[in-house]
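No gaps in the numbering here: position 144 of the sequence shown is 144 in this note's numbering, and each next residue is one more.
Bear in mind the hints are in silico, worked out from the structure with no lab data behind them. Among the hints, a few may not be true.
[What the hints assert, rightly or not] Straight line, CA to CA, 20 angstroms or less: simulated DMTMM-like cross-link-like pairs of lysine to aspartate or glutamate:
(1) K51 / E158
(2) K51 / D63
(3) K161 / E207
(4) K51 / E16
[Stated by the list, open to error] Using C-beta positions, here's what the derived DEER-type ranges look like:
(5) R211 / L130: 55 to 63 angstroms
(6) D63 / P118: 22 to 30 angstroms
(7) G67 / P142: 25 to 33 angstroms
The model shown is predicted, which means the values in this text are computed figures rather than measured ones. A virtual CB, placed ideally from N, CA and C, is assigned to each residue, including glycine.
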Amino acid sequence: MYESPSWLHELWIARETLWAGFQASVYVSALAIIFGTLIGIVAGLILTYGKFWMRAPFRLYVDLIRGTPVFVLVLACFYMLPALGWQITAFQAGAVGLTLFCGSHISEIVRGALQAIPRGQLEAGRAIGLTFYQSLGYVLLPQALRQILPTWVNSSTEIVKASTLLSVIGVAELLLSTQQVIARTFMTLEFYLFAGFLFFVINYAIELFGRYIEKRVALP
1 MYESPSWLHE LWIARETLWA GFQASVYVSA LAIIFGTLIG IVAGLILTYG KFWMRAPFRL
61 YVDLIRGTPV FVLVLACFYM LPALGWQITA FQAGAVGLTL FCGSHISEIV RGALQAIPRG
121 QLEAGRAIGL TFYQSLGYVL LPQALRQILP TWVNSSTEIV KASTLLSVIG VAELLLSTQQ
181 VIARTFMTLE FYLFAGFLFF VINYAIELFG RYIEKRVALP
């Protein structure tokens, strides 16, 4: 009598495909979060303390990108960048789209945290001889970091979930790899649940990292 293969057996057969997809999801999410955070810090500082001619282009960037769905942004990067002469792969286009999206949200988080700090603290730093950048590094940013971290964790987990959209442009991340396995095995529920578990592992690791940093910067 014919017996259908067990899910664990099929999982073992598909281990390399799923592992490659898992690595791709982690890699593209990490790139978007790291570079998006750097963009967001710079944009947030300029939006808070920059002159009008400096703020204007960043304000346009933040409002435009935040008002665009991630799906549309990924497709725009995939189709428009090559049309403009920038020959990039689907993975690179997806990473650029997620980075721009992450940077726009982080910039608003940074701006909000800095504006929540009383202006008198910057003036107090100047009164004791600190330059603007010294006041920023020793007084303002350490306080802002405590407010930024919880929201940064939320934004980072959203980027991980948004990475599934890269399957639309052919990036073999975790979701597309899972769909390829399902197309062969027809074990839909089992492999989708397993993919969901792997995404939970990534996001939980980000949450643990955020908690660790929060404890390090918490007031005694």
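Results of checking the hints against the structure:
Our distance criterion of 20 angstroms between C-alpha atoms is broken by K51 and E158, whose separation comes to about 31 angstroms. A hinted pair counts as satisfied when its Cα atoms are at most 20 angstroms apart, and K51 with D63 qualifies at roughly 18 angstroms. For the hint pairing K161 with E207, the CA-to-CA distance comes to about 14 angstroms; that is within 20 angstroms, so the pair holds. Taking the CA atoms of K51 and E16, the gap is near 52 angstroms; set against the 20 angstroms cutoff, the hint is violated.
As the Cβ distance of R211 to L130 is approximately 31 angstroms, the hint placing it in 55 to 63 angstroms is violated. A hinted range of 22 to 30 angstroms holds for the C-beta pair D63 and P118, which are about 27 angstroms apart. Between G67 and P142 the CB atoms are about 32 angstroms apart, so this pair conforms to the stated range of 25 to 33 angstroms.
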